[in-house]
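Fit chain V to the known structure of chain Y by using the hints.
Here's the letter readout for the chains.
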Amino acid sequence: AQSVTQLDSHVSVSEGTPVLLRCNYSSSYSPSLFWYVQHPNKGLQLLLKYTSAATLVKGINGFEAEFKKSETSFHLTKPSAHMSDAAEYFCVVSADTGGFKTIFGAGTRLFVKA
Amino acid sequence: NAGVTQTPKFQVLKTGQSMTLQCAQDMNHNSMYWYRQDPGMGLRLIYYSASEGTTDKGEVPNGYNVSRLNKREFSLRLESAAPSQTSVYFCASSDRRGGDGRNQPQHFGDGTRLSIL
Numbered sequence: 222a223q224s225v226t227q228l229d230s231h232v233s234v235s236e237g238t239p240v241l242l243r244c245n246y247s248s249s250y251s252p253s254l255f256w257y258v259q260h261p262n263k264g265l266q267l268l269l270k271y272t273s274a275a276t277l278v279k280g281i282n283g284f285e286a287e288f289k290k291s292e293t294s295f296h297l298t299k300p301s302a303h304m305s306d307a308a309e310y311f312c313v314v315s316a317d318t319g320g321f322k323t324i325f326g327a328g329t330r331l332f333v334k335a
Numbered sequence: 830n831a832g833v834t835q836t837p838k839f840q841v842l843k844t845g846q847s848m849t850l851q852c853a854q855d856m857n858h859n860s861m862y863w864y865r866q867d868p869g870m871g872l873r874l875i876y877y878s879a880s881e882g883t884t885d886k887g888e889v890p891n892g893y894n895v896s897r898l899n900k901r902e903f904s905l906r907l908e909s910a911a912p913s914q915t916s917v918y919f920c921a922s923s924d925r926r927g928g929d930g931r932n933q934p935q936h937f938g939d940g941t942r943l944s945i946l
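Note that the protein sequences, when read in sequence, are chains Y and V. Per the working numbering, residue 222 is the first one in the first sequence, and the count goes up by one each step. Per the working numbering, residue 830 is the first one in the second sequence, and the count goes up by one each step.
The following block holds chain Y by itself, in its conformation from the complex (with noise of 0.2 Å):
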């Protein structure tokens, strides 16, 4: 079975600051992770994924995610903030076994304060 959290619904920084959103997946089976960014009236971006080449992965506009198997976290962290990140974030799990199941997480909205 697989599901994945993310712990907060919504987050506020200022502009310039450090952003952390919080990701925890459960996967029966080695799972392929992914960050995505939705802008407003906008589909789904991708900005990064894991898929075990490496546990830090670098992703696109500064975006960086580190997946820690013993905490089951795919974290994920931008070192300062800009006003154009601000959108909706979803971590999604992926089972890499014989059959199809993608898992969304409920999303966290950021907010970036000028």
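Just so you know, these hints were derived from the structure itself, not from any lab. Everything numeric in this text was worked out from a predicted model, so none of it was measured. Heads up, the beta-carbon is just placed ideally off N, CA and C, and yes, glycines get one too. Hints may contain errors.
Quick list of the computed label-pair ranges, beta carbon to beta carbon [stated by the list, open to error]:
(1) V:A831 x Y:H260: 17 to 23 Å
(2) Y:K263 x V:T915: 17 to 23 Å
(3) V:T915 x Y:D229: 23 to 29 Å
(4) V:E888 x Y:N262: 39 to 45 Å
Here are the simulated DSBU-like cross-link-like pairs (lysine-lysine), alpha carbons at most 35 Å apart as the crow flies [what the hints assert, rightly or not]:
(5) Y:K322 x V:K838
(6) Y:K263 x V:K843
(7) Y:K279 x V:K900
(8) V:K900 x Y:K322
(9) Y:K289 x Y:K322
(10) V:K843 x Y:K322
(11) Y:K289 x V:K886
(12) Y:K334 x Y:K289
(13) V:K843 x Y:K279
(14) Y:K289 x V:K843
(15) Y:K263 x Y:K279
(16) V:K843 x Y:K290
(17) V:K886 x Y:K263
(18) Y:K263 x V:K900
(19) V:K886 x V:K900
Okay, now just chain V, sitting in the frame of chain Y:
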């Protein structure tokens, strides 16, 4: 550089009406998906098509039907719309496995905003 194209972008229906949402991708992906997005619930899979000629139910298939018309196109049909189907609908596509054997990320359209009165 179209990616995944969904039509229409907006639609208002009356209860009981039917309509078809269209989706086309130009990335030569084998797999295509339909999701609905409701506030606070993330995305929920309605139907998917692992490859041309096959379709399977997802998490919330009731009230919907799909057709994989060819490799590029995957349509979603509401036969008798209900207010509970008011939502934003997203189509996505992907290659299932990459060269490393891992699941590949999905590519999304911009969505269809559907209101049912």
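Hint by hint, here is what the structure shows:
1. Look at A831 (chain V) against H260 (chain Y): about 18 Å separates their beta carbons, and that is inside 17 to 23 Å.
2. Distance hint check: the CB atoms of K263 (chain Y) and T915 (chain V) are about 19 Å apart, consistent with the given range 17 to 23 Å.
3. Distance hint check: the CB atoms of T915 (chain V) and D229 (chain Y) are about 27 Å apart, consistent with the given range 23 to 29 Å.
4. Between E888 (chain V) and N262 (chain Y) the beta carbons are some 24 Å apart, a value that contradicts the proposed interval 39 to 45 Å.
5. About 27 Å separates the Cα atoms of K322 (chain Y) and K838 (chain V), which keeps this hinted pair within 35 Å; it holds.
6. Only pairs whose Cα atoms come within 35 Å are accepted, and K263 (chain Y) paired with K843 (chain V) is accepted, the gap being roughly 25 Å.
7. For the hint pairing K279 (chain Y) with K900 (chain V), the CA-to-CA distance comes to about 32 Å; that is within 35 Å, so the pair holds.
8. Distance restraint check for K900 (chain V) and K322 (chain Y): the Cα-Cα separation of roughly 21 Å lies within the 35 Å cut-off, and the hinted pair is therefore satisfied.
9. Distance hint between K289 (chain Y) and K322 (chain Y) is fulfilled; the C-alpha atoms sit about 21 Å from each other, no more than 35 Å.
10. For the given pair, K843 (chain V) sits about 33 Å from K322 (chain Y) by alpha-carbon distance, which is consistent with the 35 Å threshold.
11. Taking the CA atoms of K289 (chain Y) and K886 (chain V), the gap is near 32 Å; set against the 35 Å cutoff, the hint holds.
12. Taken as a hint, the K334 (chain Y) and K289 (chain Y) pair is honoured in the structure, with Cα atoms around 30 Å apart against an allowance of 35 Å.
13. At most 35 Å may separate the alpha-carbon atoms for a hinted pair to count; K843 (chain V) and K279 (chain Y) exceed this at roughly 46 Å.
14. For the hint linking K289 (chain Y) to K843 (chain V), the alpha-carbon distance of about 48 Å lies beyond 35 Å, and the restraint is violated.
15. Of the supplied pair hints, the one linking K263 (chain Y) and K279 (chain Y) holds, its CA atoms being roughly 23 Å apart against a limit of 35 Å.
16. A distance of roughly 49 Å separates the Cα atoms of K843 (chain V) and K290 (chain Y); the hinted pair therefore is violated under the 35 Å criterion.
17. Restraint check: the Cα-Cα separation between K886 (chain V) and K263 (chain Y) comes to about 25 Å, which is no more than 35 Å; the hinted pair holds.
18. Distance restraint check for K263 (chain Y) and K900 (chain V): the Cα-Cα separation of roughly 24 Å lies within the 35 Å cut-off, and the hinted pair is therefore satisfied.
19. This hinted pair checks out: K886 (chain V) and K900 (chain V) have alpha carbons roughly 18 Å apart, not beyond 35 Å.
Comparing the model with each earlier hint shows violations of hints 4, 13, 14 and 16; every other hint is respected.
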